[in-house]
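Enquirer: Following the hints, position chain E against chain V.
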Amino acid sequence: MVISTALSARIREAGLAYLLLLPSLAFLAAFTYWPILRSIWFSFHDVVLGDSKIIWLGLENYQRLLEDRLFWKAFGNTAFYTVITIPLAITCALLLAVALDSKLRGMAIYRSAFFYPVMIPSVAAGMVWVFLYSASYGPINKGLSLIGIPDTAWLYDSKWALPAIMVMSVWKYSGYFMLILLAALKLVPSDLYEAARLDGISAWNRLIHITLPLISPTLYFVIIIGLLHSYQIFDYVYVMTHGGPADATNVLTFYIYQNGFQYQDVGYASTLANVLLLFVGGLIAVIATVFGRRVHYLGR
Amino acid sequence: MSNKSTFGQIASGVSRRAFMVGGTAAVASAAVLRGARAQAATKVQFMYPVGVSGDINKIVSGMVAKFNAAHPTIEVEAIYAGNYDNTEQKVITSLGVGDPPSTWLPINSALQTFLGLDSLADVTQKAKAGDIYQDFLPQFLDTCVSDGKLYGLPFQPSTPVLYLNRTAMKEAGIAKAPQTWTELLEVAKTLTIRENGELKRWGLTIGGGWHDWIFECYCRQNELVPWTKDKVLFDNPAALDALEFWVKMEKAGVMPKASTWEGSANDFMAGRTAMLYHSTGSLTNLRKSSKFEVDVAFMPKNKVFGAAQGGGPIMIAKKQTDAQLEAAWTLTQWMTSTEVQSQWCRDTGYLAVRKSAWETPEMLAYLKEVPQAKVALEQSAYAGAFLQVPGYHKVREYLKSALDRTLAGEIKPDAALKEANDASNREIQRLLRRRG
Chain V
1 MVISTALSAR IREAGLAYLL LLPSLAFLAA FTYWPILRSI WFSFHDVVLG
51 DSKIIWLGLE NYQRLLEDRL FWKAFGNTAF YTVITIPLAI TCALLLAVAL
101 DSKLRGMAIY RSAFFYPVMI PSVAAGMVWV FLYSASYGPI NKGLSLIGIP
151 DTAWLYDSKW ALPAIMVMSV WKYSGYFMLI LLAALKLVPS DLYEAARLDG
201 ISAWNRLIHI TLPLISPTLY FVIIIGLLHS YQIFDYVYVM THGGPADATN
251 VLTFYIYQNG FQYQDVGYAS TLANVLLLFV GGLIAVIATV FGRRVHYLGR
Chain E
1001 MSNKSTFGQI ASGVSRRAFM VGGTAAVASA AVLRGARAQA ATKVQFMYPV
1051 GVSGDINKIV SGMVAKFNAA HPTIEVEAIY AGNYDNTEQK VITSLGVGDP
1101 PSTWLPINSA LQTFLGLDSL ADVTQKAKAG DIYQDFLPQF LDTCVSDGKL
1151 YGLPFQPSTP VLYLNRTAMK EAGIAKAPQT WTELLEVAKT LTIRENGELK
1201 RWGLTIGGGW HDWIFECYCR QNELVPWTKD KVLFDNPAAL DALEFWVKME
1251 KAGVMPKAST WEGSANDFMA GRTAMLYHST GSLTNLRKSS KFEVDVAFMP
1301 KNKVFGAAQG GGPIMIAKKQ TDAQLEAAWT LTQWMTSTEV QSQWCRDTGY
1351 LAVRKSAWET PEMLAYLKEV PQAKVALEQS AYAGAFLQVP GYHKVREYLK
1401 SALDRTLAGE IKPDAALKEA NDASNREIQR LLRRRG
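These protein sequence lines map, in sequence, to chains V and E.
Each residue of the first sequence is one higher than the one before, counting from 1 in our numbering.
Each residue of the second sequence is one higher than the one before, counting from 1001 in our numbering.
One chain only, chain V, in its complex shape (with noise of 0.2 angstroms):
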């Protein structure tokens, strides 16, 4: 008898779990699990936006997407822009953060302004910069006349277009990634610091040991955020130079619209899409293995 009401309450209470959960499955399910089955399925036909018509191909999608030269420029420009955007930023943001954490005057102020970035629209912003970076009249160019750097065309150049870009996202991601790690920071307790400090440890040294330790659970969560970000990193591209010049700025998710929307190739954009959904995941599995085990969890 107290078993079965037990179990009755129990059933009571998973029923009333799901219920709630139900609005925000039935989203996922229909914006996201049923799209990645569809591409999943899309990947294995022809399929062209706006025509009904489905041709079954098995896997000749996936063979044109080793020999898609385009595919691999792609794969490699967002790789290099990962590679260099992320730490770049996230080492930004953490002597940012630090160096906020202090209390001087009209703190703020500081903050609010190196937070800005990540408040202004990222169409809009990537406006600004190609005005910034314009040849002749641009601010840069004005002011690398001066210490003798020869005007360069930055976003029509093969060579440059791509770092000129990762600049700018590192200048509109630092402020986000500050914020979280602030956060972090005001959690570290002081004493800790202040048993340090009377122990005659340097601040670099505080730095390494005390506060990245502390804070490892934020930054392993930066990190893996900023590298999402960067697998989605397509409006600034979109704005500034359309995957070009001579395919330099083209990363991953504009080669996909292109195919998707351009091209109407829905079929070999699913492909790549997959391609993209199975590596990003596999990163962040290699991540959560090598760098989540070293993750310091307070009072753990």
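Some clues are possibly wrong.
Said to hold, decoys possible - Reference excerpt, derived from the structure (chain V facing chain E, CB under 10 angstroms, subset only): (1) 33; (2) 111; (3) 112; (4) 115; (5) 135; (6) 139; (7) 150; (8) 155; (9) 156; (10) 158; (11) 163; (12) 241; (13) 259.
As the list claims (entries may be wrong) - With the C-beta cut set under 10 angstroms, the calculated list includes, among others, these residues of chain V facing chain E: (14) 69; (15) 79; (16) 248; (17) 258; (18) 265.
Everything labelled a hint here was simulated from the structure, so no lab data went into it.
Quick caveat, the model's predicted, so the values are computed rather than measured.
We put the CB at the ideal spot given by N, CA and C, even for glycine.
Expert: Chain E only, in chain V's frame:
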């Protein structure tokens, strides 16, 4: 007489109650009339892009407002959709869900794409009933024809032309526009300015983003149409010769390796480049926004003069009600009528599609004042349709990538064109396979 005094006089002569009742009745009857119009009017959408520099969006929405005012039974909703690509994507997406706009304005190369989706109304018989086959310039009408059938009407044809900074030319002692490729290179050399090794002005810029269109013009100047209905011929020696000439100009330091469509127009207006290949649709903006005298010339020839016909027609959706089809046809005819085309040409620089539009008194007066406006029309006698192949979009990207990489020095011209040729033909074959 001020409004206030008029109102005062009315108010003093009529009782307040009668005035209020009358006013309410007037407002109510206006609402009823509006309601009646809304009920009777056939609603159609017109989705359009802006493909050149300047304030074209405002001009088109003004034209549609004028059309609506003159046609009480039709209500056209003008939808600005971005550039040509954005417009095409939006139309194709809406075709996918079975709800396309009634009319839209794509680039003329998209004809085969939309035919592949079985989405276009055949207007051959409708056109034959009027004066379209007699009055439209045939080179423009041809861009809407496939297998002898007419799909839509040309609205804003254009070709690239060579824009010249006349003031800069005078300062450099150059009397006339270059006529041949060789002269083009020489003039570009003279007009390029470098101070202490730093570039101040390019001699020439080829408008980026549409440089594949301009490249087709170069091929045609070498007597090559670089495509047939089911393949491209980018690996032809005439195409290779054209690309090698581009490389020669880039190596000579007279033109940049890359540019953008809007950016190159801005550079010309700012005096950063002395000559510019751009669409004739940019004429009015370039002429009015430049602080120097702007001249327009034929694109220089090599073996012959040649140009690829760009710009777009108005296409009509196949799947819509008869009333909507009729309304869409009325709109399309009105947008391509003599008076409207004459005005459109003067406002933008796009070429008027009707012979009669070139003979209106306003147009004759305009041509007297701006003789440059006629250059593209004369050049269009040497023009043919631009890249009419299935999957033209991807083919354009393959070619643009080949051109860019060659100019950036990453690949040799012959290897680049071979690669673009093979990739393009694979794509065309894929789409032809779908059609069975």
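Enquirer: Does each hint fit the structure? Answer for all of them.
Expert: So, going through the hints one by one against the coordinates:
no. : hint : result
1   : 33   : violated (21 angstroms)
2   : 111  : violated (36 angstroms)
3   : 112  : violated (34 angstroms)
4   : 115  : violated (31 angstroms)
5   : 135  : holds (8 angstroms)
6   : 139  : violated (16 angstroms)
7   : 150  : holds (6 angstroms)
8   : 155  : holds (8 angstroms)
9   : 156  : holds (5 angstroms)
10  : 158  : holds (4 angstroms)
11  : 163  : violated (15 angstroms)
12  : 241  : holds (8 angstroms)
13  : 259  : holds (8 angstroms)
14  : 69   : holds (7 angstroms)
15  : 79   : violated (19 angstroms)
16  : 248  : holds (8 angstroms)
17  : 258  : holds (7 angstroms)
18  : 265  : holds (7 angstroms)
Hint compliance for this structure: hints 1, 2, 3, 4, 6, 11 and 15 are not met, and every other hint is.
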